[in-house]
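2 protein chains.
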Amino acid sequence: MTFEEYASPRIALVEQGLDRALPPETLRPEQLHRAMRYSALAPGKRIRPLLCIAAAEACGGSADRVLPTACALECIHAFSLIHDDLPALDDDTLRRGRPTCHVAFGEATAILAGDALFALAFQLIAENRACASDEAVGRVLALVAEASGTAGMVGGQVVDLEAEKREADPETVEYIYERKTGALILASVVSGGVLVGGDADTLCRLADYGSLLGRAFQAADDVLNVIGDEATIGKPVGSDAARHKATYVALFGVEGAMERSRALAHEAIAKLAPLGPKADPLRMLAEYVVERTS
Amino acid sequence: MTFEEYASPRIALVEQGLDRALPPETLRPEQLHRAMRYSALAPGKRIRPLLCIAAAEACGGSADRVLPTACALECIHAFSLIHDDLPALDDDTLRRGRPTCHVAFGEATAILAGDALFALAFQLIAENRACASDEAVGRVLALVAEASGTAGMVGGQVVDLEAEKREADPETVEYIYERKTGALILASVVSGGVLVGGDADTLCRLADYGSLLGRAFQAADDVLNVIGDEATIGKPVGSDAARHKATYVALFGVEGAMERSRALAHEAIAKLAPLGPKADPLRMLAEYVVERTS
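Protein chains in written order, with this note's numbering: chain Z, 1 to 294; chain W, 1001 to 1294.
Be aware that one or more of the hints could be misleading.
[Claimed, not checked] If you only want the chain W side, here are some residues facing chain Z, beta carbon under 7 Å, derived: (1) A1108; (2) G1149; (3) L1272.
Treat the hints as calculated values from the structure; they're not laboratory data.
None of the values given here were measured: they were computed from a predicted structure.
All residues carry an ideal CB built from backbone N, CA and C; glycine is no exception.
Please model the complete structure; the sequences and the hints are all you need to start from.
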């Protein structure tokens, strides 16, 4: 099975799930719902939902048992992109090949659409009670909330912004890699396993895999910011260097960063060895994360 | 027991809980943590935590069994104030008698501090698993997430902003009252009952009480915006009229709005009749909500 054959039907499931979960544009307040749908349904790789689903499958579970949480993870990702793009933060105007949310809908609606997507994510986690135990959903709630907040995504974003003003140092880059992207990637993987009742040893391996893959992902992203094709990645190339962002590229150059990204992905794959062929989708995802062009 | 005697020790519990839950200012990223603490620990009435605790007590439970969720509700309230005050939204510079978060810490930090407080709220709800059933916590998660999002607080805020540009109509005012403040007030009351295992009939009465009280609360707030003392309420007086906000005051005048607020609070109290003296704190809270001066 190719990655494409694996991913396509699952991405379709996730996008149908998001479409059902997002309020219709005809419902009041229409503009807010338009902005939420614009951002959450924009073309994307759906890496976090795929990781959640693949982790569930690696534990012998199926996509439908984790679908609400997989959709929740994409909502959190979309929320973070909307807020990161705001004029007061990265001030980006292009995202996924389209005007950013605040350019399309204004700043007030963008801020509130981000907030509403974050709230919707937790509604979706709660909905996962229909196909997972209350205990598992409680653990996922704790994981995802922590990964999103000050010890995770939001904290990483703050340090990322602060670091623009300074020379990149390795400790700060690791801090940002672990939290800004890494924490939610890790939570995506572990959540998938927890919801289908994965055993402690497997969950531990999934956590190691997720932690390594999160850093590999951010390193690959930073490389793409230098050598990517603007039309393919859907956002401006070269913006990190212009802002003196703290990245592996700033520390080790493009080649060095790419090597580290690949090494982290292979280390991640090695953690899955005892899980056998059930974990093949996770292995393919790790390859994809570092070799992608968008 | 006076309201003061009832509320003081419980407010102290909540503020200690918040202090423990909020990351220390000495931890990286320090500025984010400073902003979170500045907003969440600012002097406040702590109405939502008190309602949650009083509802738990009305069901025969105690404050300590709902404390994490009570603190979570205050975090969500603080998050909503930070974002509502932003230049792109209400553009307020004074809140709780102090500069608003974005004035004190800059817009980027304020946006992210709001996000981080929202994430922390869900971490706290997850922590409530230590002293409530997983099933109850799952129900509270669903309630609070829905009350915060597009069908609740955020949706209400959007319509509130939209309504500034138009003549106030009763349907829009009811929409805003039910969602902007009402939804989280209702969720606060019901959560307290759910976490301590309140029976279906009591929960139903608590929901009726919460729904009526939420509207009474917003009406009283809007009256204070006209006749309040700026030093006491801690924010500018008269700003709603200047912005043509859709309120009961705009529809019915100050006296009419105050009458409606009192009538709603008394209707709320009437719903509690079968619950006996255990519900006295909820009755006092309803009186306080409409008679307060800040």
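Which hints, by number, does the structure contradict? 3
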